[in-house]
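There are 2 protein chains.
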Amino acid sequence: MRAAFHDDLDAIFNDLTNVCELVSVAVRDATTALLDARNDLAEQVIDKDIEIDDARERIEENALELLGLQSPVAGDLRVVVAALRMISDLERMGDLSVHVAKIARLRTPNKAVPELAQPTIAKMAEIAQQMVERTCQILRTRDVSAAQDLVADDDEMDRLRRQSFAELLGQDWTHGVEPAVDVALLGRYYERIADHAVTVANRVVFVVTGETPADS
Amino acid sequence: MRAAFHDDLDAIFNDLTNVCELVSVAVRDATTALLDARNDLAEQVIDKDIEIDDARERIEENALELLGLQSPVAGDLRVVVAALRMISDLERMGDLSVHVAKIARLRTPNKAVPELAQPTIAKMAEIAQQMVERTCQILRTRDVSAAQDLVADDDEMDRLRRQSFAELLGQDWTHGVEPAVDVALLGRYYERIADHAVTVANRVVFVVTGETPADS
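In the order they appear, the protein sequences are chains P and F.
Position 153, counted from 1, in the first sequence is what my numbering calls 225; the numbers after and before it change by one each time, with no gaps.
Position 60, counted from 1, in the second sequence is what my numbering calls 132; the numbers after and before it change by one each time, with no gaps.
Please keep in mind that the hints were generated in silico from the structure rather than gathered at the bench.
No experiment lies behind these values; they were computed from the predicted model shown.
Hints are not guaranteed to be accurate.
Unchecked claim - Taking lysine to aspartate or glutamate pairs in the DMTMM-like style, the calculated list, with each CA pair at most 20 angstroms apart, reads: (1) K174/P <-> E93/F; (2) K174/F <-> D230/P; (3) K174/F <-> E93/P; (4) K120/F <-> E93/F; (5) K174/F <-> D112/P; (6) K174/P <-> E263/F; (7) K195/P <-> D267/F.
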């Protein structure tokens with residue numbers, strides 16, 4: 073029974089990794105759509121989100137079935153509950169990518185992000201992208217040492233968010249209100265993607281070590 | 073065993089209701105802090121969030137213990153998992169109230185929301201507040217008929233969010249970038265509080281009826 077449970081659990085982790093890859097593509101494509109004013113890619117991210125939502129439902133069903141069939145012990149239960157939470161986080165990361173894509177779509181053929189704000193937003197997007205990829209890798213390998221790096225990336229994300237605010241509130245900002253609002257919301261979306269990446273990584277640490285990192 | 077499970081479940085629902093009341097106070101006080109530039113109330117919302125976080129941990133522990141002790145059947149598992157998700161939603165609603173309070177604190181002694189934007193933001197806050205209170209009531213009574221009303225409120229919230237954007241992007245907006253960014257983010261926070269309220273209500277519907285409403 074216990075061996076079967078762990079096989080099933082491996083299957084759930086594989087599923088989570090696959091969803092993470094879908095999210096990774098969504099974040100990357102949404103960012104390209106945003107920075108290059110690519111309406112086609114923005115539409116693609118928006119259309120494909122249903123795949124992530126469907127995968128979420130499927131994984132939830134599998135996890136709940138696993139719980140129902142196996143009468144798992146307390147430790148196993150926590151693992152399954154952690155898996156259920158990870159899939160929620162991943163789905164939210166997909167939704168946030170859709171929000172980025174929608175801002176891109178709204179402004180095409182123009183670029184939503186003015187040149188002055190572009191380097192910082194591009195850097196935030198890059199960090200978010202790296203964090204998502206690292207999270208997928210942690211899910212794939214369950215190598216929890218990589219989870220530590222995510223915390224450093226998240227600190228950098230916070231710094232960039234403050235820098236982005238300073239740019240759009242500074243004297244050099246000549247673009248008016250609309251792009252400022254776009255940039256502020258984009259910063260929020262990338263920050264939230266990063267937050268969820270850290271949360272997922274911390275949940276993997278919990279599953280592997282039984283300990284929850286302090287900032288999860 | 074089954075009777076004991078349901079007693080424990082009642083206890084979890086009582087706990088969820090209590091956390092919902094804390095969230096309701098947080099949303100209300102954060103809004104008063106925002107609209108009346110009350111730094112003391114803003115600080116209070118920020119300080120008290122730890123109570124919601126602590127309650128979350130306690131309820132999670134109880135729910136997981138319940139799962140571990142009772143070997144619940146499949147239907148019961150889904151209920152406990154739903155409870156675990158509701159507590160996550162409620163905690164996020166608390167966090168979003170803190171975000172509102174932090175904008176209020178940042179701008180005191182001034183008001184963060186310029187007069188032009190004030191009626192719409194006040195209306196969004198009022199709808200969010202009503203939705204949270206209704207959610208608490210649904211948790212308390214498990215009267216799922218009230219969950220339908222929440223969907224109508226959520227539509228009104230979407231309409232107000234569009235109106236708020238129209239105001240801050242319109243020709244009458246003379247307040248520049250900073251208040252526009254504040255108002256855009258505040259709109260986002262209230263919208264998310266409303267989203268989570270709908271989600272919690274839908275989870276109660278699921279627990280009571282076994283059916284998930286379409287938009288949960």
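Hints versus structure:
no. : hint              : verdict
1   : K174/P <-> E93/F  : violated, 35 angstroms
2   : K174/F <-> D230/P : holds, 16 angstroms
3   : K174/F <-> E93/P  : violated, 35 angstroms
4   : K120/F <-> E93/F  : holds, 13 angstroms
5   : K174/F <-> D112/P : violated, 38 angstroms
6   : K174/P <-> E263/F : holds, 17 angstroms
7   : K195/P <-> D267/F : violated, 29 angstroms
Hint check: violations occur at hints 1, 3, 5, 7; the rest are consistent with the structure.
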